[in-house]
Each structure stands twice: as C-alpha cells, then as structure tokens.
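So the sequence lines, in the order shown, correspond to chains A, B and C.
In terms of my numbering, the first sequence opens at residue 1 and continues consecutively.
In terms of my numbering, the second sequence opens at residue 1 and continues consecutively.
In terms of my numbering, the third sequence opens at residue 1 and continues consecutively.
Among the hints, erroneous ones may be present.
Residues from chain C that keep clear of chain B, each with C-beta distances beyond 10 angstroms, as calculated [said to hold, decoys possible]:
#, residue
1, Arg-90
2, Ile-95
3, Leu-106
4, Met-116
Have a look at the derived ranges for each label pair, beta carbon to beta carbon [what the hints assert, rightly or not]:
#, chain 1, residue 1, chain 2, residue 2, range
5, A, Gln-13, C, Leu-111, 49 to 59 angstroms
6, C, Arg-170, B, Asn-109, 41 to 51 angstroms
7, B, Thr-20, C, Val-67, 35 to 45 angstroms
Here are some, though not all, of the chain B residues that point toward chain C, as calculated from beta-carbon distances under 10 angstroms [claimed, not checked]:
#, residue
8, Cys-7
9, Arg-22
10, Phe-39
11, Val-43
Derived from the structure by calculation, the hints contain no laboratory data.
Note that the Cβ used here is the ideal one computed from N, Cα and C, for glycine as well.
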Amino acid sequence: MKGMSIIVKKVSQLMAGLIFIYGIYIILHGHLTPGGGFAGGAIIAGAFILLILAFGSSALNLKKEIAGSSNTESVAILMVVVMALMALLFGSKIFFFNHLPKGEPGELLSAGVIPLYNIFIGIEVAGAILTIFLALVIFKEESSK
Amino acid sequence: MIVYILCFVLFLVGLYGVITRRNLIKIAISLSIMEFSIFLILVLIGYIDSGLAPIVDPGTPAQVYVDPLPQAMVLTAIVIGLATTAMLMAIAIRLYRKYKTFDIREINNLRG
Amino acid sequence: MELTISIILGFMIIGAIYALHAKDLLSAVIAMGIVGYGLVICFLLLKAPDLAIVQIVVETITLVIMVAVVLDSTRKELEPSFDRRSLLNRIAGFIIFAGLFYFFLLAIENLDPLGMHSLGMADSYVNGAVELTGSVNLVNGVLFDFRAYDTLGEAVILYTAALGVLTLLRMKGKK
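Let the hints inform the model, and build the full structure from the sequences given.
This is how it looks when you write it as structure tokens:
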C-alpha cells in the first residue's frame with residue numbers, strides 16, 4: 001500500500017516517539033500506578049502500527065521486520081521461564097517465588113521480582129501483536145500482485 | 001438485579017448472531033459481543049459501593065477497596081479474546097482467497 | 001450507579017442489534033466499536049482503571065485488523081433467505097433462549113445486590129497483600145505474584161496465536 005502525504009509522515013514520526021516513551025513509562029511503573037505489562041506492551045505495539053500505516057508497506061522491508069519482531073517475542077517469553085526457574089534454584093526452592101528483596105512499598109525499586117516480570121511480559125505482548133499485524137500486511141501484499 | 005439481566009440480554013444477542021447469521025465476519029463480531037458481556041458481569045459482581053480503586057496509598061492504609069480478584073481474571077480474558085479474534089480473521093482471509101465469498105453455505109467442499 | 005450502567009448497557013444492546021442487521025460489512029464492524037468503547041466507560045465507572053487501559057488499546061487494534069480484512073472484499077451481505085431451514089433455526093433459537101433465561105434467573109437469586117459484595121476469598125488477598133508482595137497496585141500484585149501461573153498461561157496463548165497466524169498466512173501449498 002502507498003504511504004500518505006508528507007504532513008502525515010512527519011507528524012506520525014513525532015507521535016510514535018511520544019507514544020513509545022509513554023508505553024515504557026506504563027510498563028516500568030506497573031507496580032505503583034494502574035497499568036502493568038499487558039497495557040504497556042499493547043501501547044508499544046500501537047506506536048509501531050502507526051508508523052507502518054503512515055509510511056506504507058513499500059517504504060519498509062517487511063520480511064526483515066517480521067523476522068525481528070518474531071525473534072524478539074520468542075526471546076522475551078524464554079526469559080520469563082528462565083527467571084521463574086532461577087527462583088527454583090536460588091533462594092527458596094519454590095517455582096515462581098518472589099525471592100528478591102522487597103523494599104519500601106511506594107518506591108520505584110521495590111516489590112521484588114515483579115518489575116522484571118512486567119518488562120519481559122510487556123516486550124512479549126508487543127512482539128506478538130506486531131507479528132500478527134505484519135503477517136496480515138505481508139499476505140495482502142503478496143497475494144494482490 | 002436489572003443490570004445482570006441486561007448483561008444477559010447482550011449475551012443472548014451475541015448468541016443469536018452466532019446461530020443465525022450466514023456471513024463469517026458477522027459470526028466473528030457476535031462471538032466478540034458475547035465475550036464483552038461476560039467481562040462486564042464479572043466486574044459488576046465484584047463492585048462495592050463507595051469503594052476506592054485498588055491502588056493502596058501507603059500513607060492511609062485500611063480503607064475499603066473494590067474486589068481486585070475479578071479484575072485480574074478479566075485482564076487475562078481480554079488478551080485471550082484478542083488472540084481468538086486474530087486467528088478467526090486469519091482463517092477468514094484464507095477462506096476468502098480460495099472461495100471468493102464469506103458465505104458459510106458455499107464453503108462446503110472439503111478438498112483443498 | 002445502577003441507573004447509569006443500565007443506560008450505557010441499553011446503548012450497547014442497540015449497537016449490537018444494529019451490528020447484526022447491517023447491510024454493509026463496514027457498518028457492522030464500526031457498530032462493534034460502540035460495544036467495545038461503551039465497555040471502557042463502564043470499566044471507568046466501576047473503579048477499574050487497569051482494565052480500561054487494556055480494553056481501549058485492544059479494541060482499537062481489533063478494529064484496525066477487522067477493517068483491513070473487510071475493506072478489499074465484497075462488502076454486501078447477501079439478502080437473508082426465508083426458507084424453511086432458517087425459520088426453523090430462529091424458532092428453535094427462541095425456545096432455547098427462553099429456557100436459558102429461566103435458568104439464569106434461578107442462578108442470580110442468591111447474589112447480593114449491586115454494591116454490597118462481601119469479600120469472601122479476596123479478604124486474605126487484600127489484607128496482607130502490600131507486605132507479602134511489596135507492590136502498591138493490588139491488581140498487578142495479584143496477577144504477578146499470587147496468580148503467576150495464569151499470567152504464564154496467557155503469555156503462552158498470545159505467543160501461540162502469533163505463530164498460528166504466521167503459519168496460516170504463508171503462500172505455499174497448492175492453490
């Protein structure tokens with residue numbers, strides 16, 4: 001599909017950067033304010049979808065994009081399982097236990113292992129939603145030639 | 001009590017759509033409507049009058065909060081609904097490329 | 001609160017009935033947006049901000065995917081035929097709906113009225129949650145510490161759906 005006019009391209013570049021930073025904020029402050037891994041991951045995927053819709057699929061190399069997003073989501077969900085296994089080996093011998101020290105409630109560095117889970121689940125959700133969208137766009141391109 | 005009955009009416013509208021519509025996209029829309037009604041009834045059951053949102057203020061503990069357990073369940077269910085709709089749309093695209101129609105009564109030969 | 005949610009539910013039911021009977025598929029997809037965004041307003045009124053954020057982003061992404069599927073295909077719905085088979089379908093449907101409605105009325109007989117919910121199982125979650133998990137956000141603490149297996153299962157479902165879509169939409173195979 002063709003891209004849009006140049007005003008749309010420049011404004012969407014600016015907005016996608018702001019939305020990306022907002023998504024990272026929602027993920028990192030998941031244990032303090034409403035949000036968390038799933039909401040932040042979906043917002044980050046929305047920023048990338050905005051860029052793809054504004055620039056058109058002819059300006060990007062979509063095969064490389066989908067390989068990148070698919071590898072990213074696989075590595076992220078592998079890290080979730082590795083972190084759960086690390087709680088099995090060190091600390092107390094329980095799978096999925098919250099074994100890092102919990103600081104004061106209300107600080108950014110608190111709540112043990114929950115912020116790390118938020119980050120990895122956020123990356124996984126963003127990669128999955130982006131892979132679904134890119135698969136649809138690539139299929140439409142290839143079959144309409 | 002009338003809120004619960006209205007939620008169930010929304011569920012029945014979705015079920016009517018799944019049973020009687022012939023177009024594949026409308027079946028997908030009706031399935032999504034059924035899921036939305038169930039999300040609403042789960043969150044309605046856990047609501048407490050004049051309760052606060054479940055974010056604890058460390059300065060003033062021990063207040064009445066809304067039940068956080070149905071909210072955690074519905075959060076999982078929303079993302080699962082997205083996964084189901086995405087796979088249904090992928091199947092619909094493949095069927096359209098082969099049969100050139102969305103009508104489920106024309107798609108009835110099992111070769112491929 | 002009950003009156004407000006009933007009014008919003010009324011709008012959602014009208015939007016859902018229109019989405020089933022629309023002649024054009026694009027109108028039906030946009031009418032599904034009424035139900036989704038009305039749900040966001042209901043979540044905000046019921047003091048669930050976490051759910052409102054997730055629902056609004058997921059609904060927007062779903063609408064973009066469905067419009068992309070609908071736009072380059074035939075958008076007319078074929079006229080509903082009134083032969084005997086579809087009439088029998090509708091009558092059987094209505095009888096089953098009456099039966100389901102009766103069982104639903106039996107099921108909600110013992111429910112507390114709206115707003116007087118007694119925290120049965122969630123009492124032990126809410127009381128000691130801030131010391132046990134360390135997180136101030138109760139929903140996030142419950143989701144990632146007390147019920148972490150559900151979160152792992154959900155991440156696996158989303159991963160499987162992404163792989164499934166990637167496999168279904170390859171162009172190999174015989175035409």
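* Could you let me know if the closest chain B CB is still more than 10 angstroms away from the CB of C:Met-116? => Non-interface label on C:Met-116 violated, nearest chain B Cβ at 7 angstroms vs cutoff 10 angstroms.
* Asked: Taking the least C-beta to C-beta distance, is B:Val-43 closer than 10 angstroms to chain C?
  -> Since the shortest Cβ distance to chain C is 5 angstroms, the answer is holds.
* Asked: With d taken as the least Cβ-Cβ distance between C:Leu-106 and chain B, does d exceed 10 angstroms?
  -> Given a closest Cβ separation of 12 angstroms, the condition holds.
* **Exclusion check [C:Ile-95 not at the chain B interface, CB over 10 angstroms]** => holds, 12 angstroms
* To do: Just tell me: holds or violated, for the beta carbon distance of A:Gln-13 and C:Leu-111 against 49 to 59 angstroms?
  => holds, 52 angstroms
* When the least beta-carbon distance from B:Arg-22 to chain C is tested against 10 angstroms, hint result -> For B:Arg-22, the interface hint holds, since the closest Cβ of chain C sits about 7 angstroms away, which is under 10 angstroms.
* Holds or violated: is the Cβ of B:Phe-39 closer than 10 angstroms to a Cβ in chain C? -> holds, 7 angstroms
* **Verdict for B:Thr-20, C:Val-67 (Cβ pair) under range 35 to 45 angstroms** => violated, 24 angstroms
* To do: Measuring Cβ to Cβ, find out whether C:Arg-90 lies farther than 10 angstroms from everything in chain B.
  => The claim breaks: C:Arg-90 does not keep its Cβ more than 10 angstroms from every Cβ of chain B (closest is about 6 angstroms).
* Going by Cβ atoms only, is B:Cys-7 closer than 10 angstroms to chain C? -> Status holds, d = 7 angstroms.
* Evaluate the given range 41 to 51 angstroms for the C-beta pair formed by C:Arg-170 and B:Asn-109. => Between C:Arg-170 and B:Asn-109, where Cβ atoms are some 22 angstroms apart, the hint is violated.
Taken one by one, the earlier hints fail for this structure at numbers 1, 4, 6, 7, listed in ascending order.
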